[in-house]
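Take these sequences, add in the hints, and give me the full structure.
Single-letter residue listing:
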Amino acid sequence: MNPNVPTDPVSSEDSLYHKTYPQNKYVFPDGRPTFRAFKPRPKDNGELSCDVVSMTTPLLAVTENHRYNVGEWILFQIPVEKVLHYGAKARHDPLVGNAAHALIYDYGADMDAMAADLAKSASQVPITAPTSNVE
Amino acid sequence: MSTQQILVTTATPTYKNGDFNLISTIVKRQWPGFQWFYMTTLSFELFRQVAEIPFEKEDLNARAFKLLDEISELKENWDLEEAPAFTGEVVARARQFIQSMSGRGQVIYHVSPGPCGEVSIVLRSGEKALEFLFYPEETLYVKVPPIERSTQGSYSEAIFPQLISWLNEP
Numbered sequence: 001m002n003p004n005v006p007t008d009p010v011s012s013e014d015s016l017y018h019k020t021y022p023q024n025k026y027v028f029p030d031g032r033p034t035f036r037a038f039k040p041r042p043k044d045n046g047e048l049s050c051d052v053v054s055m056t057t058p059l060l061a062v063t064e065n066h067r068y069n070v071g072e073w074i075l076f077q078i079p080v081e082k083v084l085h086y087g088a089k090a091r092h093d094p095l096v097g098n099a100a101h102a103l104i105y106d107y108g109a110d111m112d113a114m115a116a117d118l119a120k121s122a123s124q125v126p127i128t129a130p131t132s133n134v135e
Numbered sequence: 001m002s003t004q005q006i007l008v009t010t011a012t013p014t015y016k017n018g019d020f021n022l023i024s025t026i027v028k029r030q031w032p033g034f035q036w037f038y039m040t041t042l043s044f045e046l047f048r049q050v051a052e053i054p055f056e057k058e059d060l061n062a063r064a065f066k067l068l069d070e071i072s073e074l075k076e077n078w079d080l081e082e083a084p085a086f087t088g089e090v091v092a093r094a095r096q097f098i099q100s101m102s103g104r105g106q107v108i109y110h111v112s113p114g115p116c117g118e119v120s121i122v123l124r125s126g127e128k129a130l131e132f133l134f135y136p137e138e139t140l141y142v143k144v145p146p147i148e149r150s151t152q153g154s155y156s157e158a159i160f161p162q163l164i165s166w167l168n169e170p
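Protein sequences appear in the order of chains A and B.
Each step along the first sequence adds one to the number in the numbering used here, with nothing skipped, and position 99 is 99.
Each step along the second sequence adds one to the number in the numbering used here, with nothing skipped, and position 141 is 141.
If you're looking for bench data, these hints aren't it; they were derived computationally from the structure.
Be aware that a few hints might be false.
Unchecked claim - Covered stretches of chain A, going by a simulated chain B footprint (3 or more residues, C-beta under 8 Å):
id, stretch
1, 31-41
2, 88-102
Stated by the list, open to error - Taking CB as the label site, the calculated pair distances span:
id, chain 1, residue 1, chain 2, residue 2, range
3, B, R63, A, G87, 45 to 51 Å
4, A, T57, B, P170, 38 to 44 Å
5, B, I159, A, A109, 18 to 24 Å
6, A, L59, B, Q162, 45 to 51 Å
7, A, K89, B, E137, 24 to 30 Å
8, A, G87, B, K75, 32 to 38 Å
9, A, G87, B, I159, 20 to 26 Å
10, A, L84, B, G88, 37 to 43 Å
11, A, P9, B, P170, 22 to 28 Å
Beta carbons are placed, not taken as given, at the ideal position from N, Cα and C, and that holds for glycine.
Here is the structure:
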């Protein structure tokens with residue numbers, strides 16, 4: 001962790017990117033995220049991996065360390081204000097190679113209800129693919 | 001018959017002995033102006049048998065069944081984030097639920113996989129949604145209003161009327 005990067009709460013005026021894979025499994029027919037898109041994985045201890053919008057770009061958010069192929073992912077954006085409104089929290093969690101990384105946490109006991117509330121507050125973000133291949 | 005061909009069949013009574021003329025037309029899509037005609041005469045009894053072949057009506061939740069089939073084929077780590085595969089028991093419970101919705105005439109909006117081995121089935125009415133979650137160990141429901149906070153609980157068939165009333169109330 002870089003000691004110069006804050007690990008404090010993400011500003012309520014900022015927004016968060018959250019990516020999911022594969023594209024067609026986390027999207028309703030109307031293009032909005034399914035209620036499952038914002039449910040933390042078993043390995044994530046109740047926290048959801050995100051990127052702070054003001055610290056990255058949609059393209060960087062889905063090509064973290066050039067590990068992923070742009071076309072396979074879908075990117076959602078949620079205002080931190082909405083995260084706080086529904087009772088969850090967001091904090092910086094910088095990683096080596098991704099200073100923009102953050103976590104949504106404090107889902108509460110009713111994690112599925114919280115996941116639904118976060119999903120209904122999020123919208124899909126278009127990703128501009130680079131001209132060269134990104135693997 | 002190839003997918004480029006359309007078979008159109010008409011039957012008309014002969015007015016002689018109760019038989020029917022059966023005319024089949026094959027229209028080749030790539031040659032719209034070109035048609036082949038086949039004509040044969042069927043006895044009334046044979047026509048009755050042909051006419052009474054029950055055509056399987058597509059289920060109103062056919063898309064939901066298809067999505068569930070796709071989910072059942074996902075392997076472990078399908079989301080590249082170590083999500084587990086879906087157990088046969090979970091898929092069977094979800095399938096039974098879709099069947100029961102079809103039986104009630106209730107259209108399912110969407111079926112999707114979850115990251116914890118759960119299958120999500122969503123009903124929608126306007127901006128309100130009702131989610132049913134089939135986990136390996138339990139079944140939950142989530143009431144999702146458009147703006148207010150969502151609420152969740154343990155699902156049993158007995159509370160379905162109450163949930164559907166909430167969904168459909170203005």
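Structure-based check of all given hints:
Coverage of a stretch by a chain is defined here by at least three residues with a beta carbon nearer than 8 Å to that chain's beta carbons; for the stretch 31-41 of chain A and chain B the count is 6, and the condition holds. Judged by the Cβ-Cβ criterion of 8 Å, the stretch 88-102 of chain A is not covered by chain B as claimed, because only 0 of its residues qualify and three are needed. The hinted window of 45 to 51 Å between R63 (chain B) and G87 (chain A) is violated, with their beta carbons roughly 34 Å apart. Separated by about 42 Å at the C-beta atoms, T57 (chain A) and P170 (chain B) satisfy the suggested range of 38 to 44 Å.
In this structure the supplied range 18 to 24 Å holds for I159 (chain B) paired with A109 (chain A), their Cβ-Cβ distance being about 20 Å. The supplied range of 45 to 51 Å is met by L59 (chain A) and Q162 (chain B), whose beta-carbon atoms lie about 46 Å from each other. For the pair K89 (chain A) and E137 (chain B), the beta carbons lie near 28 Å from each other, so the given range of 24 to 30 Å is met. For G87 (chain A) and K75 (chain B), the Cβ-Cβ distance of about 35 Å falls inside the hinted range of 32 to 38 Å, so the restraint holds.
At roughly 25 Å, the beta-carbon separation of G87 (chain A) and I159 (chain B) lies within the given 20 to 26 Å, and the hint holds. Taken as a hint, the range 37 to 43 Å holds for the pair L84 (chain A) and G88 (chain B), whose Cβ atoms sit roughly 41 Å apart. In this structure the supplied range 22 to 28 Å is violated for P9 (chain A) paired with P170 (chain B), their Cβ-Cβ distance being about 39 Å.
Consistency with the previously given hints fails for numbers 2, 3 and 11, ordered from lowest to highest.
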